[in-house]
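**Student:** Next come the chains, spelled out residue by residue.
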Amino acid sequence: MRTSDRILHILFWSIVLLGIIDRLLILQLTIGYASDDLTVIWLAAQDYSRGIFHEPFFYGQNYGVMLEALLAAPLVAFGADPIIAVPVVIAFIAMAPFWSFAFYYFLRKEYVGALLFAALPLLLPPEHGIQYTNLNGLAVLAICPWVQRIRNNALSAFLIGLVLTAAAAVNLNALVACAAFGTWFLFARSKKPELIGWAALGTVPVLAGFWAAMHFYAQRPEAVMNTVFDWRFVFHGEGIPIAFGQLDAHFAWLFPIWWPNGHLVLWALVAICIMLYRRGKKASVLGLLAALVVIVLAMGFPKTHDGTGSVFFPLSRIFLAAPLLFGWGISQLDLQGKCRKFFVTSVGPAVVICFILRFVMAPGIFASALANQEQLPLRVWPVELIANSAG
Amino acid sequence: MIRESAIESDTEVVVFLRVPDPQYAQFMAMGCPVCEESLPPTYMPDGDRRNWRRTEESTSIRSRILVVGGDPGMWLQAMEGPFRIGPVRKAEPVMHLVHDTGLPVENMIDVIQPRNEQ
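If you read the protein sequences in the order shown, they are chains F and R. Its first residue numbered 6, the first sequence is counted upward by one per residue in my numbering. Its first residue numbered 264, the second sequence is counted upward by one per residue in my numbering.
Hints should not be assumed to be uniformly reliable.
As the list claims (entries may be wrong) - Partial chain R-side listing against chain F, Cβ under 8 Å, derived: (1) PHE290; (2) MET291; (3) TRP315; (4) GLY336; (5) LEU339; (6) VAL357.
Just so you know, the hints here were simulated from the structure itself, not pulled from any lab data. The beta-carbon is built from N, C-alpha and C at its ideal position, and this holds for glycine as well.
Assemble the whole structure, with the sequences as input and the hints as a guide.
**Tutor:** Right under this line is the structure:
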């Protein structure tokens, strides 16, 4: 191994290690607290661990797969406390897409992509780490880079279709990234149209499962206490200019390093698109353009406007895919020369500074969020409140 | 304290009222079965996310129901009503034991806490 590669390896593993420490610190800060929705996931993890599956989706809703509960269920079955297992799983799935892309690029020796994806969760503000809702769909996208590597093209295409549809079915906020990866796939593989057919076939099992789940609720309308398939999903074009008037709220905590300016992630995606176009990367440009179109269209749906400025129920949860796309877009740029050198030399110090800032700021941000929960549709309490009241 | 009261009174179901705080009621109704497995089944009328529990509590007739929450005025009025109700705890969380209503919990709650008060 060359010395320069060895240095990049050390840098990569150091950033991964800092990422693990950062996640453990945030977990330590938040694990003693739960929202009224998190208690439903605890309960589901306990039910699933006993082989009890009451409903396909979040209890009382006809949407929202409880992936966190499904992943925590084996741990609970082996004796873990759901109160611990569920937050640990959530902490893992929050990092899964970033780490997955990071390792994918690392194994391909594409070190800019590897370092960027490993660093991104640390370069984002502490609020991004503290907020734990709506991460499940994006976690499914962690599988994406690996199914691309499968040598059997037909199987790879089938699985791409399957994974992208599954991500969107688990949580619709993954649709922004699914649009990018799906469009990229369509155009990158356009010379072999049969692969597009295989990808389309891959969507079928998920769509069939989704149809069966919706049929389950159609047969039991009394089971649905809360739905999004109502006025929240009726398109109103006037929502788009309203959202553009408050981009920092809709993209809060989604831009790395320059934390107060979340909206910059949107303009960064536009800039990356232009740079990719100048480098002739048509499929990547179309992928990012598709994501931008989905973002703009999403602004027209009332559901996108259903949120607050609190980390417990932020407006920006709808666009949580943006940092992932930002990393993917930069990775597609294939930085060389001075740009690559600048990135490689600055990413380490930037990560260390952001890690320290996150560590220092996170407790205050979390305490402030706890103290300002009035009017939130979802609130957070100390877990010990249950033990004190019920025990 | 809820578990102690539930065991002492041989309660069959612990009901968390949406008054004064529906989110707290859901937090407790969903959290208690995980945190305190020895507690009797929990239920939150008019909004429990568990359809199977709604079905159970709209059909089963319980003889001892521990009700957590509700405002004092509502309870004073309820005690003048048709059910035998005993205060269990006056400090937060307020608890009352309701005996032999002859009605499923869903219907009992409609009597002690009419819809416009929920």
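**Student:** Given a cut of 8 Å on the nearest C-beta pair, is the interface hint for R/GLY336 held or broken against chain F?
**Tutor:** Violated. Min distance 22 Å.
**Student:** Against chain F, is R/VAL357 within 8 Å by beta-carbon distance?
**Tutor:** violated (11 Å)
**Student:** Given a cut of 8 Å on the nearest C-beta pair, is the interface hint for R/MET291 held or broken against chain F?
**Tutor:** Check passed: Cβ of R/MET291 comes within 6 Å of chain F, closer than 8 Å.
**Student:** Is the shortest C-beta separation between R/TRP315 and chain F less than 8 Å?
**Tutor:** holds (6 Å)
**Student:** Measuring from the C-beta of R/PHE290 to each C-beta in chain F, is the shortest one below 8 Å?
**Tutor:** holds (4 Å)
**Student:** Using the nearest Cβ pair, does R/LEU339 come within less than 8 Å of chain F?
**Tutor:** At 23 Å from the nearest chain F Cβ, R/LEU339 fails the 8 Å test, so the hint is violated.
Hint compliance for this structure: hints 4, 5 and 6 are not met, and every other hint is.
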